[in-house]
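Trainee: Line by line, the protein sequences give chains A and B. All residue numbers for the first sequence refer to the working numbering, where the first residue is 1 and numbers rise by one. All residue numbers for the second sequence refer to the working numbering, where the first residue is 1 and numbers rise by one.
Honestly, I wouldn't trust all of these hints.
Stated by the list, open to error - Covered stretches of chain B, as calculated for chain A (at least 3 residues, CB under 8 Å): (1) 8-17; (2) 98-110; (3) 192-204; (4) 215-228.
Read the hints as simulated data drawn from the structure, not as lab findings. Fair warning: this is a prediction, and the values are worked out from it, not measured in the lab. By construction, the Cβ of each residue, glycine as well, lies at the ideal position given by its N, Cα and C atoms.
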Amino acid sequence: MVIYGTALLAACLLIGTVAGRVIGHSLGLESDLGGVGIAMLLLIASVTWLQKRKLLTTATESGIQYWSMLYVPIVVAMAASQNVCGALSGGLVAAAAGTIPVAACFSLTALLIRCAGDGQQPAVVVSNTTRSTHTENP
Amino acid sequence: MQEFIQLLNDVLAQYNLLTAFVFTALLMIAAQQASQRLTAGRIHPSAIAIALGLLLAALAGWYSGGRKGVADLPLLAGTGLLGGAMLRDLSIVATAFSVRADEFVCSGLWGILALALGLLTSFSTGAAIALVCGYRDPVSVTTIAAGAATYIVGPVTGTALHASSEVIALSVAAGLVKAVTVMLITPLIAPVIRLNTPRAAMIFGGLQGTNSGVIAGLAATNPKLVPYGAMTATFYTGLGCLLGPSLFFLIIRKILTTDH
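Isolated chain B, as found in the complex (with noise of 0.2 Å):
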């Protein structure tokens, strides 16, 4: 018995991508099961699947004290790159398959409105908080206000700038916060803001921008929705690497210099 465990268990983990697909099936089960008996079909499984998975992850990372949610174990290694950013994109590229070339065109220069005032939103939103938490270095107010875009914008922001280590940890939790609260508001949220359309979708997608978010966001609203959010996520990312450590800096240093 001892032996078939030790097989059961190399076999896993040899083939961990394959764990990962039947793991992931488990979490779509469980969450579609709940959906139904304990939500009445309310709560979208999608939803409760991405909850599910967020909530393994942060118990996963408190008995590894990694920082790959599951994808620390050996066993569910595998998961890492099922949900790792070569695959994730690979299949958001695929469902552009069936967007709306139109659509994307139409709807163009509201995304590319909605990216700016959602840089501007979150980078100034961000660095008020800075502020009333007591940091008064425009350095580390850029750092934690780019945080605050998403986790990705935070530490290459901070690293151009040199802040210190401890302000760039702050700023990538900052930017996971984000991407969790935006996983989880987004399904409860959609209906109130009629975050329906493509279009909507579009300006979502700009005006919020962590990618991880805005996806697992719009696909516990409506899976259709996913490829329209993603096309102006995309941008938001690359934009705010460059204007953090640039064009924002030097607002935040003129804003905090003037006023002593």
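Just chain A, with the same shape it has in the complex (with noise of 0.2 Å):
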């Protein structure tokens, strides 16, 4: 059924969410320590354990990929509702602090971006394989 699968999708977050909270509140913080990562690790976990013994049926992986497929237009909600005016209303300290930083980050990332593709494990292209519906795909 398509509820299990989001169900299974929803309980990660909830239990990544839950752990992301008690590793920060441990460390003194209001905010959450990688939730959102700890959800992912249990969603590859678990579909992968249900995969080995063959309990993920198309209707269960279909409630996960509903999700994973929306996520574009989502994000596309979630621009539509940033504070923008905030950041264009902070005059040019938060410019600078806000922009400098990017430009240091992304010179670092092409950086480390080469260093990597030179180890052992070359950087491998994401396979098309599970994810082919995603048709704006460049």
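Using the hints, build the complex out of the two chains.
Mentor: Below, the structure is given as structure tokens:
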């Protein structure tokens, strides 16, 4: 059933968020430390476990896949509900503090990508198999 | 007619999540058309849709004086739910369904290195900018530097250190500028820096760290890379909130007090 997939996904995010907040809280923080990352690892682990036992039906899978295909529009909705005026009203200090570190980090990204590519593990291009439904890929 | 418009308004506002689906789809259609007709497909439709979303958010914020972009307009309040943390995180986690677990493990070390370097770079350049702009007290310098990490690290650090509300507002603005910049610049820069593999996306997520910026930037570059970037970026804000008011504040205070 489709709901099993969505429920599995939702449960992973709930557990991940609780774990992230517990970790954050134990370090004296109000915020979540890696909740989404923990949820992703949980989902990968549980999907692998279910696939091995052939318990993952196509209907269950589509309950997860629907949400994974919706995220581009969700990100667009997120962009449309950002406080853009707040960003623009910060003046020169905010503009400088918001862009110069980004430029520095982009150069470091380029450098690290180059270094990482030289390692023993050649950088792998993402396989096209699982999510071929994305028509808007470049 | 007047009654009909009133009725339509009521339904659209009451079922605001459904209105948000239609609104977002219309944005996507507009972006798809603009990408094909105006740029011959060179600029990715998602990138245009995100830019369009930001533009509308700016217009809506200017019109309503609110802080949630188009979600401040009653008819489009559902956009705030659709693009809010809950459904965003749900769909981001769902993208992990198609990732390769081995790639996470192989690139994990690079991701951790990128996280450490990313926080250090944002904090140090942010602190340098605060100094150049005339701030001298360690609390304000650290808060502005934290804003250069993300718009959550900024206020969390500022509140912990009892920074003034103007400085906290400034750190939020800096973080927002960063998120918007990363969203818009990533698809343009990605081919140049070879941001086209899962490992590269993990490095990118760890270095830039701003969750919304990383996710939207990668979505506009290549949607398959999103889970990898989101994986490392998700640790960035938490780590920043941990290190900002503690380690980085102590370092900045040490530097500023020995200076004089």
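Trainee: Evaluate each hint against the coordinates.
Mentor: Results for each hint:
Remark: the stretch 8-17 of chain B is not confirmed as covered by chain A, as 0 of its residues place a Cβ nearer than 8 Å to a Cβ of that chain, below the required three. Counting residues of the stretch 98-110 of chain B whose beta-carbon sits less than 8 Å from any beta-carbon of chain A gives 9, enough to reach three: the coverage restraint holds. With a cut-off of 8 Å between beta carbons, the stretch 192-204 of chain B has 11 residues touching chain A; three or more are needed, and the interface restraint holds. Requiring three or more residues with a Cβ within less than 8 Å of a Cβ of chain A, the coverage given for the stretch 215-228 of chain B holds, as 10 such residues are present.
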